[in-house]
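Engineer: These protein sequence lines map, in sequence, to chains A and B.
Going left to right, the first sequence walks through residues 0 to 791 as numbering that gives the first Met the number 0 numbers them.
Going left to right, the second sequence walks through residues 0 to 66 as numbering that gives the first Met the number 0 numbers them.
Since the hints were made in silico from the structure, they are not lab data.
Straight-line Cα separation of at most 20 Å, EDC-like style, residue types lysine to aspartate or glutamate; simulated pairs:
(1) 26/B / 163/A
(2) 641/A / 656/A
(3) 121/A / 32/B
(4) 725/A / 622/A
(5) 128/A / 80/A
(6) 120/A / 31/B
(7) 121/A / 31/B
(8) 477/A / 614/A
(9) 120/A / 32/B
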Amino acid sequence: MTDSTCYHCGDECGRDSVTFDGKDFCCNGCKTVYEIFTSNGLSTFYELEGKAGTTPNQIRKKYDFLDNQEIVGRLVEFDEENVQVVTLSIPSIHCSSCIWVLENLNKLHAAISVSQVDFPKKTIRVTYKTNDFSLKALVLLLGSIGYEPYISLEEYNKKGKKVDRSLIYKLGVAGFAFGNVMLFSFPEYFEVEEFWLDQYKHVFRWLMFAFSLPVVFYAGIDYFISAYKGIRSKLLNIDVPIALGIFTLFVRSTVDIAFDLGSGFFDSLTGLVFFLLLGRFFQQKTYSYLSFERDYKSYFPIAVTRLQKNGGEENIQIYNINVGDRVLIRSHEIIPVDCILIKGTAEIDYSFVTGESEPVLKKSGEKLFAGGKQLSGVLEVEVLRSVSQSYLTQLWSNSIFSKDKASQFQTLTDSIGKRFTVAVLSIATLATIFWLVYMPSLALNVFTSVLIIACPCAIALAAPFTLGNMLRIFGKYKLYLKNTNTIERLSKIDTAIFDKTGTLTTNQKDTIHYEGMELTEDETALLKTTLRASNHPLSRSLYNILKSNAIMTLEEFQEETGKGIEGKYNEHSIKVGSASYVGENKSNSITNTTVYISSDEDVKGRFVFKNTYREGMQQIFDELAESLELGILSGDNDGEKKKLENVLPAKTKMMFDQKPEDKLEYIKKLQEKNTVLMVGDGLNDAGALAQSDVGLAVSENINVFSPACDGILDAGNLNMLPSFIKLSKKSIRIIKLSFILSLCYNVVGLYFAVTGQLQPVIAAILMPLSSISIVLFTTLATNFIGKELKNK
Amino acid sequence: MSVIYVLLAISVTVAIIFFIAFVFSVKSGQYDDTYTPSVRMLFEDELVKDKSNSNKKDIKQTKSTNQ
Chain A
0 MTDSTCYHCG
10 DECGRDSVTF
20 DGKDFCCNGC
30 KTVYEIFTSN
40 GLSTFYELEG
50 KAGTTPNQIR
60 KKYDFLDNQE
70 IVGRLVEFDE
80 ENVQVVTLSI
90 PSIHCSSCIW
100 VLENLNKLHA
110 AISVSQVDFP
120 KKTIRVTYKT
130 NDFSLKALVL
140 LLGSIGYEPY
150 ISLEEYNKKG
160 KKVDRSLIYK
170 LGVAGFAFGN
180 VMLFSFPEYF
190 EVEEFWLDQY
200 KHVFRWLMFA
210 FSLPVVFYAG
220 IDYFISAYKG
230 IRSKLLNIDV
240 PIALGIFTLF
250 VRSTVDIAFD
260 LGSGFFDSLT
270 GLVFFLLLGR
280 FFQQKTYSYL
290 SFERDYKSYF
300 PIAVTRLQKN
310 GGEENIQIYN
320 INVGDRVLIR
330 SHEIIPVDCI
340 LIKGTAEIDY
350 SFVTGESEPV
360 LKKSGEKLFA
370 GGKQLSGVLE
380 VEVLRSVSQS
390 YLTQLWSNSI
400 FSKDKASQFQ
410 TLTDSIGKRF
420 TVAVLSIATL
430 ATIFWLVYMP
440 SLALNVFTSV
450 LIIACPCAIA
460 LAAPFTLGNM
470 LRIFGKYKLY
480 LKNTNTIERL
490 SKIDTAIFDK
500 TGTLTTNQKD
510 TIHYEGMELT
520 EDETALLKTT
530 LRASNHPLSR
540 SLYNILKSNA
550 IMTLEEFQEE
560 TGKGIEGKYN
570 EHSIKVGSAS
580 YVGENKSNSI
590 TNTTVYISSD
600 EDVKGRFVFK
610 NTYREGMQQI
620 FDELAESLEL
630 GILSGDNDGE
640 KKKLENVLPA
650 KTKMMFDQKP
660 EDKLEYIKKL
670 QEKNTVLMVG
680 DGLNDAGALA
690 QSDVGLAVSE
700 NINVFSPACD
710 GILDAGNLNM
720 LPSFIKLSKK
730 SIRIIKLSFI
740 LSLCYNVVGL
750 YFAVTGQLQP
760 VIAAILMPLS
770 SISIVLFTTL
780 ATNFIGKELK
790 NK
Chain B
0 MSVIYVLLAI
10 SVTVAIIFFI
20 AFVFSVKSGQ
30 YDDTYTPSVR
40 MLFEDELVKD
50 KSNSNKKDIK
60 QTKSTNQ
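With the rest of the complex left out, here is chain B (with noise of 0.2 Å):
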């Protein structure tokens, strides 16, 4: 029954690994503004769209990493 310390310990490790990710998501601003994503998430079609019809050049949208 000593496996349950081995239970615990993934169930635990995992638990954490989790809560580590939520907070550097809030570090990163993610929790900053939480309505513009939900928006601009809908417009990647037009962009698409909108860069076949212009020539101009194709500039990719990153992040932003300037924090």
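So here's chain A without its partners, still in its complex pose (with noise of 0.2 Å):
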């Protein structure tokens, strides 16, 4: 076997290697896919972007219960005339080939008539006639070619939520207000004293006032509606004082044109709205694909198969599952309620609850709870307890989950709001009482001028360009934060706790070490050929370490599931699987996953299986540890304690049998004196992220499997947390640099304001050029700042 890569999918081509067409494929989903497209005329798939397939997973019957017309119809956006209309989220799209192949869908189905992909939030919209076709066959179709869509209870629920684009609207409208503003208030900055210009003064002024109407009224409500509610709970934040300014402009604008005082502001006004508006844009959430509210109802199925008192079979929404109900659970499929297994083997993999990823066996009679997923063979189980009633759904009823940790912090920029609001007012009423007994006439004048300059438009744009772009960075090096706000709120943190299993552990490799009576040549010729007929996961990667070539037709072979497996070869067997089935009696090792092995009956020894930890854990907390808190807090036992405590930091705490409420316990009691940050990865870390005050899930595929967090961090990119923290830290001291900055422009249009000779012309000046260099500082200076992580 050569050490080839997978034509369609780039990976290794192992054991299972196929050779057709003269190309390699590491399995025969690969190359199934690959005849699909040839013989469809799709080939071009393979030119775009090499090896850019994904393998197919085996997944016929799971999508039965779209035979539901009732769970169909709440999926489809249209259905009328033999013609419907779906959108499908497929978390596979990665590359201009799957864009490509996805919008050729016509190729492979003649019913499918239009199919289009959105790359960034990572969904296919198709279009099909149902005369001969279905949604049902159409996700078959779909995972037939290695894009397996992702149909959650969670999407079921979402139906008819509208896409707001009120913010594109809004920008649109001052964008549009302030060019044409902009143009009609050129002439008056020259000042000339020209009869013709003179003449049509009004035309123009009252053109702008036309013009400024929707951007006040439509585009800048926010900014009323946020100070308004901002006063209303005695919180002076930065909205007030712009809302203050935008008030003043429009007022002050409207009275001198009316009375001919001057040419007004309207200039700067609309000019002051489209750039806010702008900041806000930046900052805008951009990784649509990803969702960071996901709760257990992403992970379960939409419905289950129920088995009827006379034998039939039914498909049912799980919330309609009932105490008492007999249940069919597949191959493959998640367990939506705690129940007890009554017919099968059960081999469950617990990994998005606890995280762990070696399979648990179970046997009929025993206890299975929800979020278990069932890998091989069919269950009944009957359903102990409800969906939003289960063990692990449980938690979701705890308050923390309908919190808004954003709401709750007070940015740096409302902190600085506070007291600019205060400064302003005071300078304005002083050189407003000054200029009262010193001239009268003019204090009015003066006391909106400042208002009007003070404005903090550059201010308020500091905070959304520096953590908008240090949003996009963070992203750049597979840090996907929720929102802006996070990267204040993880500037401030001074302890760090993390999950064990799947977090600091990685999923994908095993150390395994063999420990008994060693194998003789034969007998690991046998083993491997052995391991080589079974698909069971030990079995592959207890395949891939054992060193033999020699490879034999086996005489016979049996596989029990969910006990171990059986090969014969010339008058030699050997058995591999638990310990009762190759008949040991004490499996005394309860920490690890074992394997056992005997040779003609004869128990020769065990692998162990163990949990290896990620790469540079140890460099990372060192890191860490130099200015913050550490602690562990895991779900297992402790048999790695003695371990861990040689590798981490002396300081760190280990706190080890935590159910996920102790986890939120622990942090909420943390916080009394800390702010935290929780690393976590499964479901049971659930409670503690949402808990914490930066919550991160790390993650093996982003797209995935991941709890509901303030960010998602790739698995391989864990090492560069200690440089995330220490940028975060870095944005805000650049947030506080532009504040200093925008104050000296603040501080020169004042001495203008509070000598009364502001023009507008100044204002015009004033403002966009203020705004400008904040936005060049800004983002300049996080793109250097960000360059530290390239060299990681």
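Quick one: dock chain against chain with the hints and give me the complex.
Structural biologist: This is the structure in structure tokens:
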């Protein structure tokens, strides 16, 4: 066997490799996709981007619930006259080849008329005729070419939500008005005493007034609302001086043109709103395909198969499952409720719940918990609790899940805004009092001028542009944060708590070592051959580490699901599996997954699988220990405690055997004194992630499994975590510097305002100048400090 | 000089026409996905070449209208 890579997906060709059409494939699945593509004239797929495919999973029966027309009706967007339109989320979309092949679905099935991919959202919108096609057939077709759609309860309930495009409209209105008002006010900037200009200036002025109306009452309305809300809750946020500025600008300008006192400040007014909205647009959430709000609903299937009393089967929504129902769980389905196993051998992967990757074996009569994934074979179970009452899902009834962290946190801008408002109002009052004494006719002019020029446009822009840009830089290095607010919170943390399994350990690589009598060469060869025939994940990883080239044809092979496998060759037999299967009485290792081997009914020894810690874990902890308190919060037993104590900094606190609620409570207690960062991965960390000040989910595959959190970090980049924290602190420093910069502009402007010489043209120059220089400064500065990550 | 009213009317009308065009383009979802079209437009050539290879029926791609 050579070390070639799969022509379709680029994975290494292991033991299942297939050669077809002169090309190597890692498995039959990939070969089939290749066949489908080439026979339908879609071979360009491979020319666009090499080895871009994804391996299809076995899905067939999983989507039987799509036979239920009620469920289909809720999922499709449009359904009339034999035409249906549906939008499906496909997490495996990742390159231009994907877009190409998915937009040419009509070549694979004539019933599909249009398919359109939205790459940033990773969705596909398909229009198809229902005469000889259905949603189920579409899903299976997509699954067969490696693009299995992701249909979850979450999506099922979300139906009917509209896309919010109001910010784009507002930005458009403000930009449109800004441009036109600028053109209209241009003649008066030059102040030429020209007869015709003087004659028509009123037309221009009232036109500007007309254009500024939608800006104030539509585009800028959010600032008034926010300021009003702030004042009502006795909070002087940054929107208070902004709203005050916009209001003063508008009223003063209108009075000016009405009484022919001047040309008004409409250009500054529209420009101000336009720049402010631009900042808002820039810090808008950018990772639309990632969901940060996921709870258990995203993991659970929409429907399950219920066994009727008369022996028939029906598909029902999981909310309709009642206690006492008999339910069928198929291979690779997630168990939606707590239940008792009645029939079948359960091999449950609880990695969503605990982060533990090795499957657990259960016999009939044992209890199964919601959230586990059945790996092989069909199960029949009896329901113990309904969906929302199950062990795992109960966690979500905690009130912490309905709280919005961002709204409770006072941002740097808002805390500045408070002092700023006070300062501006006192300067305005003092100046007015002075002019009332000195020259009363100018007093009102000065008062409004101060409010206009002090409008903190540049200050309000500093944070959105700095943090928005930082968010994008983090995204490049695979830390996807929910919003810019998270960066500010990240800069404040003083304690970091880690989950162990799945966060510090990897699910991908296991270290395997052998304990017991050494195996002879013949035995190793037979063992390897036997393992080759099995599809069990443990067999596969064991197969990959065994060094033997001899591959023979087995005379007999037996696989007992959930127990083990047996191979016979040349009157020798070998058994691989659980302790009881091979005949070993005592299974003394509870903490680790073990596979026992016996040759000719004689127990030889066992292979022990251990989780490996991620590379550079020690370095991460050492780096973090310089500035933070550290802790480990694990749901596992303390089998690894000694090992961790040796590796990690001495001050690291360690807690084991923590239930999901315990984790939440522990974080809550810590928060009395500290600001806490929680790093976790599984659903069992969901409570702790929600409770902590910043909850980061570590994920091997960012598209699929991550609980509700403030940010998702690609597992491969965990070693950059210390740098991310440092950078968030530096970003705050940049914001503070830009505050100083914009205060300088304000001082210059205030000089003109207080002395009563503020001309519209000065405001029109100063305002955009300060805004643009702040945008430039923050963008350049963040890009500069972002370079630090490149060297990592 | 009253021609200025005509000129202003024309310029404002043109500006408003473009603004309405903008509103319609947002409404039709043009700004929802700003990335995929940039990739999609590079595909046309492969599609044509591909169609000549296969003898399948030429199904014309039309923009979806069921918004």
